[in-house]
Each structure stands twice: as structure tokens, then as C-alpha cells.
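**Student:** So you can see what is in the structure, the chains are spelled out below.
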Amino acid sequence: MSLVRMEKLSKTFEGGRKAVDEVSLSIEEGEAFGLLGPNGAGKTTMVLMLSCLLRPTTGDAWVDNASVIQNSLRVRRAIGVVPQEIALYPTLSARENLEFWSVMYDVPSRERKSRIEELLVVVGLADRQNERIDRYSGGMKRRVNIAVGLLGRPKLLILDEPTVGVDPQSRNSILETLKELNGQGLTLLYTSHYMEEVEFLCPRVAIMDQGRVIAHGTQEELRLLVGEQDAITIQLGSVPPDDILDKVHAIEGVSAAHHSEGDLTVLSNSGRRVLPAVLDKLFDAEVKVRSVAVREPNLESVFLHLTGKELRD
Amino acid sequence: MRKALAIAWKDLVVLSRDFVSFILLLAMPLLLILVLGTAFGGMFVSNTAPFQITLAFVDQDNGEMSRLLRDEVLQGPDLKEMIRLHTFASPDDARQAVRAGSAAAALIVPSGFSQAVMGESKTQLEVLANPDSTIKAGAIRSIAEAFTTEVMARGAMVRLTLAELLSRNLIQPQEAAAAAARWVPELQSLQSQIRIQREQEVAPGAQLPGAMAYYSISMGVMYVLFAANTAGGSILTERRTRTLLRLFSAPLERRTVLVGKLLGVFLLALVQFLLVVAFTALAYRVSWGSSIPGLALMILATVFCLAGLGALLASLYRSESQAAAIGPAVALLLTFLAGGMWVFTGGPQWLDILSHVSPVRWSIDGFLTLMSGGSLAQILLPIGVLLGLGAVFFGIGFLRIRKSYDVA
Numbered sequence: 002m003s004l005v006r007m008e009k010l011s012k013t014f015e016g017g018r019k020a021v022d023e024v025s026l027s028i029e030e031g032e033a034f035g036l037l038g039p040n041g042a043g044k045t046t047m048v049l050m051l052s053c054l055l056r057p058t059t060g061d062a063w064v065d066n067a068s069v070i071q072n073s074l075r076v077r078r079a080i081g082v083v084p085q086e087i088a089l090y091p092t093l094s095a096r097e098n099l100e101f102w103s104v105m106y107d108v109p110s111r112e113r114k115s116r117i118e119e120l121l122v123v124v125g126l127a128d129r130q131n132e133r134i135d136r137y138s139g140g141m142k143r144r145v146n147i148a149v150g151l152l153g154r155p156k157l158l159i160l161d162e163p164t165v166g167v168d169p170q171s172r173n174s175i176l177e178t179l180k181e182l183n184g185q186g187l188t189l190l191y192t193s194h195y196m197e198e199v200e201f202l203c204p205r206v207a208i209m210d211q212g213r214v215i216a217h218g219t220q221e222e223l224r225l226l227v228g229e230q231d232a233i234t235i236q237l238g239s240v241p242p243d244d245i246l247d248k249v250h251a252i253e254g255v256s257a258a259h260h261s262e263g264d265l266t267v268l269s270n271s272g273r274r275v276l277p278a279v280l281d282k283l284f285d286a287e288v289k290v291r292s293v294a295v296r297e298p299n300l301e302s303v304f305l306h307l308t309g310k311e312l313r314d
Numbered sequence: 015m016r017k018a019l020a021i022a023w024k025d026l027v028v029l030s031r032d033f034v035s036f037i038l039l040l041a042m043p044l045l046l047i048l049v050l051g052t053a054f055g056g057m058f059v060s061n062t063a064p065f066q067i068t069l070a071f072v073d074q075d076n077g078e079m080s081r082l083l084r085d086e087v088l089q090g091p092d093l094k095e096m097i098r099l100h101t102f103a104s105p106d107d108a109r110q111a112v113r114a115g116s117a118a119a120a121l122i123v124p125s126g127f128s129q130a131v132m133g134e135s136k137t138q139l140e141v142l143a144n145p146d147s148t149i150k151a152g153a154i155r156s157i158a159e160a161f162t163t164e165v166m167a168r169g170a171m172v173r174l175t176l177a178e179l180l181s182r183n184l185i186q187p188q189e190a191a192a193a194a195a196r197w198v199p200e201l202q203s204l205q206s207q208i209r210i211q212r213e214q215e216v217a218p219g220a221q222l223p224g225a226m227a228y229y230s231i232s233m234g235v236m237y238v239l240f241a242a243n244t245a246g247g248s249i250l251t252e253r254r255t256r257t258l259l260r261l262f263s264a265p266l267e268r269r270t271v272l273v274g275k276l277l278g279v280f281l282l283a284l285v286q287f288l289l290v291v292a293f294t295a296l297a298y299r300v301s302w303g304s305s306i307p308g309l310a311l312m313i314l315a316t317v318f319c320l321a322g323l324g325a326l327l328a329s330l331y332r333s334e335s336q337a338a339a340i341g342p343a344v345a346l347l348l349t350f351l352a353g354g355m356w357v358f359t360g361g362p363q364w365l366d367i368l369s370h371v372s373p374v375r376w377s378i379d380g381f382l383t384l385m386s387g388g389s390l391a392q393i394l395l396p397i398g399v400l401l402g403l404g405a406v407f408f409g410i411g412f413l414r415i416r417k418s419y420d421v422a
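For the record, the sequence lines run as chains C and D. Take the position in the first sequence, starting the count at 1, then add 1; the result is the number in the numbering used here. Take the position in the second sequence, starting the count at 1, then add 14; the result is the number in the numbering used here.
Since the hints were made in silico from the structure, they are not lab data. Some clues are possibly wrong.
Label-pair ranges, simulated between beta-carbon atoms [what the hints assert, rightly or not]:
no.: 1; chain 1: D; residue 1: Ser-335; chain 2: C; residue 2: Gly-16; range: 55 to 65 Å
no.: 2; chain 1: D; residue 1: Ser-335; chain 2: C; residue 2: His-250; range: 46 to 56 Å
no.: 3; chain 1: D; residue 1: Met-15; chain 2: C; residue 2: Asn-131; range: 21 to 31 Å
Derived DSS-like pairs (lysine-lysine); straight-line CA-CA distance at most 30 Å [stated by the list, open to error]:
no.: 4; chain 1: C; residue 1: Lys-282; chain 2: C; residue 2: Lys-248
no.: 5; chain 1: C; residue 1: Lys-9; chain 2: D; residue 2: Lys-417
no.: 6; chain 1: C; residue 1: Lys-289; chain 2: C; residue 2: Lys-248
no.: 7; chain 1: C; residue 1: Lys-282; chain 2: C; residue 2: Lys-19
no.: 8; chain 1: D; residue 1: Lys-417; chain 2: C; residue 2: Lys-19
no.: 9; chain 1: C; residue 1: Lys-114; chain 2: C; residue 2: Lys-142
Here a beta-carbon is modelled for each residue, glycine too, at the ideal position from N, C-alpha and C.
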């Protein structure tokens, strides 16, 4: 049964910029659904509409059978939101923040104490609950940010890039916690531009670019879009000439090539066969090569295959 | 309402966590009241001691008119309690007494004053004022002017009468001067005509507020506006930190969030002013009047109005830095305009009218009336104006803030 349903959901801002363009998706109860796309793809706008913070220009969305336009209060009772920013009061302690937000999320007063303690244990901050938020590390703040989203026992937890600026260890801890919560039946809508996070957490994924969902399905279904192609990633040690992509594209067997942040990524039906030709082109152009990796396609490859761009662009 | 109260309480706790700013906000008005009250104390009448003027008197005339001024007016039954008269032989001695502060003012009756009053030559009384006692010196000047005006008018009338009598040979010329000296004071009791202006303004038995009391009001009110501005600025902080959006995504009405925020502004301003009232009453012995209902209503009306102004200002700001820069400037301007920095006594009438544009002026008027022994009935106008302005400020502020966050 679908917990979330979006039908031709669109948002056009003043000036005519279309941030979300006729998106139709559904999220089943109990699943972890990933929304993957580069910055500016429209993920946050979609999250804001589902959180009843932004009115759709056209279309509608339903959460737990309540329309975000017609019955926003019911929608807000069904969701917990974890925004991209640390939306907490920095001079209050974790416990004080949770106490305040528990009133806002209608946690009954008799349950409040036990609910807060339960969540402090879930996010691993029970022993530091009385410290001010502004004395926490970035990862600890993120964990309290998530705990606030969970206070009202939501049916759907919406997480908008919840690991931005977090060290790898804290990121893993957050992802493990979310996986555990999903295992307990909590539905997740997880947006990120980190492919690894979405791959780890979400069996079903929608890929967004320029306001549109360009593909969606299970990870396996999405990988099939790329076919049996290999993804070659070459870490460059010097700046290549401007025409290097044209030269690589011209190699027989190369279906896509992209250069970004010192990495050259190439998709090919046979990675091992085209690799020497690609390296020849680089050496001819006197480009230094630091490392080479050939791997099976992932969501990053899918995005590259569909858009010709990388997720981090 | 429970959620609105939780938001308001949270705001107070958050503000109190910025310890230095919070203490400054609460302590600064108390310090300013002490400094200003002490510095300008001489310009005011104490509200604990009876209104008394020590006057240095010099009689160089030694005539009927100077005797009349001294014995019948300055030491007459109406003014005797108020004026402590010290007679000096020379103007220099009197000037010295004023300069030393042992007299608030000196009044010098020049030689030939009586004769001039009877004749047609010009004369004048000289009043020397201590700059620290402008109100008391002003009272003496009023007495001197009233006396001079009165005796000049009567002198003219006597001269006309005597001229008529002389022209008809009903009186001999040598008898005329003696008759004039006798008739002028006896035409009517002079003392009943001469009052100092302050007596007409203040109810009998009332006590006038002193500098400490005056600045307790004006600085207290000004800092209420500072507090309201600070609390109003927290709306912008919540917008920046996205906690406001998180509140809007929680299951509560948007108006509950705004009512909670505005309630927070009101509560901080109320705490601020109650602290000023309590502290100045205990530490500076300021009497806030005897009408408890009047005082309570004045405090509520003042806080309501200025908290509303804080909310209105918050709705106009685009950033926290604007709030930090514009809010205090508005508070200072309104306090200055209201005469809160110093009293506009004796200023032009247009300035007095203009000062009522500032809500601070209505607060000062109301509290001063209470401090001078006024009752609740006498402060209904300032209370009404403050409540009305507050409702308008809150209304516009609420609508503007709601509009600016109308994202869904």
C-alpha cells in the first residue's frame, strides 16, 4: 500500500524557474526510498512540498491519504522532517531541544520523558544529553536533528541530505541507525547526492535532474539501464587539454565519458578492451595518471549514462 | 495555547543563555537610571522631601515695596513653608551662596525699586539661578515676575487716581507720595495673587517625582523597547537557523507559532520592566504611586505597546544585523522625542505636542501622574492610547510576519 503518492507534482518559482517538473512517484509503507540527484536537481523543493512548507504550483501529493494542499495538518502529523540544516536551538541542550520539540509534535506529557530517553539512546547521546548543542560535534548535532524528526512517531521520516558536513564515522553511524529504524518498519524518504548513501540505504531509488525524475526503480533495475557496461575511473595527476573528452569519446566502445574534479570517468561495453586506448590518449596529451579502476556499473554510472554528467557536478 | 506558551518560554530561555547580553539588557537600565538620576538630580524636585526653596534675598531698596515682597509675599502665609529665606547684605554675598549651592536662587531688589514703582521710571528685580536647580529658580522667577507685574499695574492705577485728585485740588502734592506708598499694598492683598506656577499644576499635598523617578520611567521604558527589539530579532534568527521552517512543518497552526513568538516578545519586555520597577523601588526608593491597579495597568499597557512595536520592527527587518542596528536607534529616538533624556520643561508648545507622537511620552505621562499621587481614573487616556497603539503595532507586525512566511 502506498504511503506517499505524488501526481504530476510541479513547482515553478517567480521568474519562471521550474524547480520540480511533473513528478509522479509513490513510496510504499515500510520502504526506504532514495531520491538521488546533484545539487539543484529539485530534491529539496520536493521535500519542502511533501513537508507542507511549499505549495505545489500544479499537481498534488498525498501522505497517509491526506493531501498536502487540502489537509496539511494531517500530513504534518504523519511525517517527521530532518532538514538539511541543523534546525535546533544551539544554546539549549539536546534534552531541552527534544523537550521543546516534543510539545510541538504532540507527544503526550506522560510519555514525553520515556520517549526522549528512548531517542537519546537510539542516536547514542544519552550520556551527553545535558550538554549544549553548540558544544557538540557536527555528527552529534546531526543525530539530534534526526531524533527531533522521530519524536512524533511519524509514519514517514523525510531526510533531506542529513549527512552534509559530517565525518565518515558519524555518517556511517547515522546510516546504520536509519537502516535499523527502517528495519523496524519506519518508512524513509532519503535525499542525497551521495550515491554510496543511497545505495546502502534505499532498495528503490528515483534519480532527479533539472526538476524531473529521469529514472526510478530498484537499484538493479536502474543498473540495467546502463547494461553490461563497465565504469572506468582514472584519477588524473595533471590537467588534461580541453579536447580530451572528444578524443576519448571517439574511441570505439566508449559510450560516455566525463571529467570532473581530477577524475576521468568512462563507460564502455568492455572496459578492459578500451582501457589501453584511453590511456594512450592521455599519455599522448602528456596527462599524468595516478590510478585506474574498472568496476561494475553503480548509480553514479547510471546518472552519467542518463545525463552525461556526474552527480557531484 | 499550550504550544504558543512553550514557544514563548523557549524564547526566554534561549535569550537568557546569551548570558552577557541578557545581563546587560537587564542591568543597563538600572545603571543608567542611577547615573542620570544622580547627574540631573538638582534639576528635579525630590519626591520624598517636601518642595522647599532656599532663597538668598538682598534688599538694596529698603522701601515699602521690598518690605512688601519680603514680608507679605515671600514670607506670607502661602509661601512661608516653601521658601526658606536667607537675607544677605550684598549681591556678591548672595551670588556666592548660589554658587556654593547653599541657595537655589537669589532675588535682588535694587535700590530705588519702591520709588520706581510709584513713579514712572523703569526698574527690575534680579534673579540669580543655580544651574543645578532650574525648576526652583524658575519658581522664584515666576514669583518675582508676578510681583513686579502686580505692583506696576497697581502703581499705574494709584498714579492715575492721585493725578485726578491733584487736578481737582482734593489732595496736596506733599501728601501724594505718602498716599501712594500706603495705597498700593492695600488696594488688595498681594499675597493672594502671587503663586508659583508649580502650585497650580500639582494637587494639594501631592509629591513631585524626582530625577531618579523620572529616569526610572524613561530608561525603563526605553529598555523595554530594547528588549522587545531583541526578542523580535529572534524571529529572524529562527528564520536563519531554519527552526522556524521546522516549526511550520510540525503539526501546529502557523498562527500558533507567531502568537508564541509575539508572546515571547511581550514576556521579555514585561520581565524587563517589572525588574526596573521592583529594583528602583527597593534600591533607589522610587515611589511608583499608591494606585496598584493603575500601576499594573500602566505597566501592561506600556509593555503591550512597546512589545507590539518590537514585533512591527521585526516584521520590517530583513536581517538580524538590521535589527541590531535599527532597533536601538528607534528606541533612542523615541525616548529622546518623548523628553526621556531630559525634561522639556519650558520648551515650545509644538515640541510638547510633537513629543506625543512617541509612545514613550504617553508612558512617561501616565507613570508621572501615578507618581504624583494620581489615580487610575487620571491615567485612562495614556493607557487607552498605549493599548490602541499596541494593538495596531501587533496587528500590522503579525500580518507582515505571517505574509513573509506564507510559503505553503
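**Student:** Compare the distance between the alpha carbons of Lys-114/C and Lys-142/C with 30 Å, and conclude whether the hinted pair is satisfied.
**Tutor:** Satisfied, since the Cα-Cα distance of roughly 20 Å is no more than 30 Å.
**Student:** Does Lys-248/C lie within 30 Å of Lys-289/C when you go C-alpha to C-alpha?
**Tutor:** holds, 16 Å
**Student:** Taking only the CA atoms, is the gap from Lys-417/D to Lys-19/C under or equal to 30 Å?
**Tutor:** holds, 23 Å
**Student:** If you draw a straight line from the CA of Lys-9/C to the CA of Lys-417/D, is it 30 Å or shorter?
**Tutor:** holds, 27 Å
**Student:** Are the Cα positions of Lys-282/C and Lys-248/C separated by 30 Å at most?
**Tutor:** The hint holds at about 7 Å.
**Student:** Take a quick look at whether Lys-282/C and Lys-19/C sit within 30 Å of each other, Cα to Cα.
**Tutor:** violated, 40 Å
**Student:** Between Met-15/D and Asn-131/C, does the beta-carbon spacing fit 21 to 31 Å?
**Tutor:** With Cβ atoms ~29 Å apart, the hint holds.
**Student:** Would you say the C-beta atoms of Ser-335/D and His-250/C sit inside 46 to 56 Å of each other?
**Tutor:** For His-250/C against Ser-335/D, whose Cβ atoms are near 50 Å apart, the range 46 to 56 Å holds.
**Student:** Quick check: does the Cβ-Cβ distance between Ser-335/D and Gly-16/C fall within 55 to 65 Å?
**Tutor:** violated, 27 Å
In the structure shown, a violation is registered for the earlier hints numbered 1 and 7, in ascending order.
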